[in-house]
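Based on the provided sequences and hints, a complete structural model is requested.
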Amino acid sequence: MSTLLIIKIVIILIIFTITLVAAMYSTYMERKVAAGIQDRIGPDRAGPWGIFQPLADGGKMFFKEDFIPGKSEKWLFILAPGLAMFTACMTGAIIPWGGTVTLFGETFNLQIANIDIGILYIMGFVSIGVYGIMIGGWASNNKYSLYGAVRASSQMISYELAMGLAILAIVMSTGSLNLGDIVEAQKGGQWNVFYQPLAFLLFLVCAFAECNRAPFDMAECESELIGGYHTEYSSMKLGFFLFAEYINMFISSAVISVLFFGGYNFPFMHDLGLSANAITFIGVGVFFAKILFFIFFFMWVRWTLPRFRYDQLMQLGWKALIPLAVINLMITGGWLMFKGDLLAMITKMF
Amino acid sequence: MKSLTNRSIEVSNKKMTLMERIYLPAVIGGLFITLKHLFMKGATIKYPEQTRPVSNVYRGKHVLKRDDKGAERCTACGLCAVACPAEAITMTSAERQKGEEGLYREEKYATVYEINMLRCIFCGLCESACPKEAIFLTTEILPANFEREDFIYGKDRLVEQIDKRIDVSKRQTMEVVTQKFND
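Top line first, the protein sequences correspond to chains L and X.
Per the working numbering, residue 1 is the first one in the first sequence, and the count goes up by one each step.
Per the working numbering, residue 1 is the first one in the second sequence, and the count goes up by one each step.
Honestly, the hints are just simulated from the structure, not real lab data.
Please read these numbers as outputs of a predicted model, since none were measured by experiment.
Just so you know, even glycine gets a beta-carbon here, dropped at the ideal spot from N, CA and C.
Fair warning: there could be bad hints in the mix.
What the hints assert, rightly or not - Computed far set for chain L versus chain X, every beta-carbon distance over 12 Å:
no.	residue
1	M61
2	G175
3	T304
4	L316
To be verified - Derived DSSO-like pairs (lysine-lysine); straight-line CA-CA distance at most 30 Å:
no.	chain 1	residue 1	chain 2	residue 2
5	L	K64	X	K46
6	X	K108	X	K170
7	X	K108	X	K164
8	X	K170	X	K180
9	L	K319	X	K15
10	X	K132	X	K98
11	X	K46	L	K60
12	X	K14	X	K69
13	L	K319	X	K14
14	X	K15	X	K155
15	X	K14	X	K46
16	X	K61	X	K132
Dropping the structure here:
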């Protein structure tokens with residue numbers, strides 16, 4: 001086996017572990033942030049400051065009764081949480097977690113697979129993600145689950161459009177679908193968020209909708225649909241659904257950081273006079289700080305805004321976000337096409 | 001359509017302005033409100049470890065006081081039971097035998113003295129009815145129990161322990177005592 005293969009396997013294991021642990025501790029963070037915003041304390045009984053709470057929750061989930069409703073579609077019912085979890089974990093594969101590292105005479109990227117259609121891969125897996133919810137909702141044979149599933153799928157399909165169009169503006173200005181290239185193009189503080197603020201806003205809103213997070217948590221809708229698609233689920237199957245949501249949130253935060261906030265780039269990274277490896281490792285830390293901020297932002301918004309009504313959600317998606325995304329796309333395209341002419345015209349005027 | 005009564009009121013259905021319709025200013029305002037709360041001190045009192053400060057005359061669990069020599073003050077007169085609006089107090093009395101002077105202060109004493117804490121409303125009328133300054137309410141909070149029987153407190157749990165005297169001087173001030181005996 002070549003050294004590179006072993007290194008890649010190690011990276012896969014590390015990233016898989018980090019994804020799971022991050023999702024696990026997101027649940028803890030979520031509860032702490034919620035508590036803080038509501039002037040409470042939050043979990044503090046399991047271990048110091050309650051840091052073992054996620055373990056206790058996981059243990060509880062495992063020991064709960066694993067109930068399958070009698071009139072459900074048994075195999076689909078079992079398949080759905082696994083599918084949700086699988087699609088959530090797969091998207092982590094192409095995120096560039098850091099720059100290049102030289103170890104044991106091999107130079108490699110801190111990325112599982114540097115594929116040229118990175119963004120399409122993400123969009124594809126996000127789209128498949130809705131299958132977990134849809135199958136789960138349908139197989140439960142419960143009207144509330146079905147409502148949740150139908151809402152979730154129509155919401156995801158609607159918001160994927162605006163999301164894709166927002167990303168397209170970034171792709172056009174970078175000229176690449178490869179996430180590694182997009183990050184490299186943002187070197188030296190040239191973050192996309194400064195050039196494409198509207199695209200960032202659109203992407204952010206769509207990311208909330210894609211993750212089924214409040215204020216767009218139509219799929220769950222505790223107050224209207226009991227639990228939405230996971231009403232009939234119990235034990236670790238329910239745990240998988242909830243866990244997949246947190247993994248999705250983690251990956252979304254990573255994608256937002258990559259597309260708009262320069263990924264692992266940080267200001268003055270080449271003026272410090274550090275070795276390439278040191279810069280890469282600081283970069284990984286910076287990347288995780290950005291991800292952490294966005295995870296916090298997701299939670300912050302969840303505990304601030306009430307849920308949208310379903311028709312308002314559709315209205316926002318189709319009548320506001322998609323037109324805005326199209327306009328943004330046209331402006332970007334026009335700028336890229338006539339940039340030379342415009343700059344020449346401006347310099348001629350002065 | 002003409003309304004049947006004149007009581008109908010025109011509903012204000014004001015069109016939202018553009019700034020209101022794009023939501024973002026309101027959303028950002030809301031985010032800052034919640035952020036402010038994140039840095040506020042929580043209102044939580046972690047109960048078993050921390051307790052809320054209570055007044056000196058807080059009406060909690062009852063105590064049957066002993067006098068300075070350790071003899072029970074209660075003479076089983078029944079005034080507390082009469083005063084009790086919830087009828088939570090029951091007692092049976094007996095005459096003091098020779099040689100029990102150290103145990104009971106008066107010639108008569110309560111062999112059984114029970115307060116049903118499920119009935120008790122913690123009004124404190126027993127405290128003010130008592131002519132012998134025997135029963136007091138304390139600041140101690142009554143614990144929860146699993147069985148209904150466990151809420152009937154007998155003398156074993158009401159009479160103050162001889163080595164763990166309960167200080168009632170803060171609720172039995174001179175002012176209170178003089179007023180009580182003038183009434």
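Tested hints:
The Cβ of M61 (chain L) sits about 26 Å from the closest Cβ of chain X, beyond the 12 Å cut-off, so the non-interface label holds. With a cut of 12 Å on Cβ distances, G175 (chain L) stays outside the contact zone with chain X, its closest approach being about 30 Å. The non-interface label for T304 (chain L) is inconsistent with chain X: the shortest C-beta to C-beta separation is roughly 4 Å, within 12 Å. Separation of L316 (chain L) from chain X is inadequate, the least Cβ-Cβ distance of about 8 Å not exceeding the 12 Å criterion.
Between K64 (chain L) and K46 (chain X), the direct Cα distance comes to roughly 29 Å. Compliance with the 30 Å bound is thereby established for this hinted pair. A hinted pair counts as satisfied when its Cα atoms are at most 30 Å apart, and K108 (chain X) with K170 (chain X) qualifies at roughly 28 Å. Of the pairs offered as hints, the one joining K108 (chain X) and K164 (chain X) holds, with about 24 Å between alpha carbons and a cut-off of 30 Å not exceeded. Using a Cα cut-off of 30 Å, the hinted pair K170 (chain X) and K180 (chain X) holds, with the two alpha carbons roughly 15 Å apart.
For the hint pairing K319 (chain L) with K15 (chain X), the CA-to-CA distance comes to about 17 Å; that is within 30 Å, so the pair holds. Straight-line distance between C-alpha atoms of K132 (chain X) and K98 (chain X) comes to about 21 Å, which keeps the hinted pair within the 30 Å bound. Restraint check for K46 (chain X) and K60 (chain L): the C-alpha separation of about 24 Å stays at or below 30 Å, so the hint holds. A distance of roughly 80 Å separates the Cα atoms of K14 (chain X) and K69 (chain X); the hinted pair therefore is violated under the 30 Å criterion.
Of the pairs offered as hints, the one joining K319 (chain L) and K14 (chain X) holds, with about 21 Å between alpha carbons and a cut-off of 30 Å not exceeded. For the proposed pair K15 (chain X) and K155 (chain X), the alpha carbon gap of about 72 Å is over 30 Å, so the pair is violated. Proposed proximity of K14 (chain X) and K46 (chain X) is contradicted: the alpha carbons are some 47 Å apart, above 30 Å. This hinted pair checks out: K61 (chain X) and K132 (chain X) have alpha carbons roughly 19 Å apart, not beyond 30 Å.
Hints 3, 4, 12, 14, 15 from the list above are not met by this structure, while the remaining hints are.
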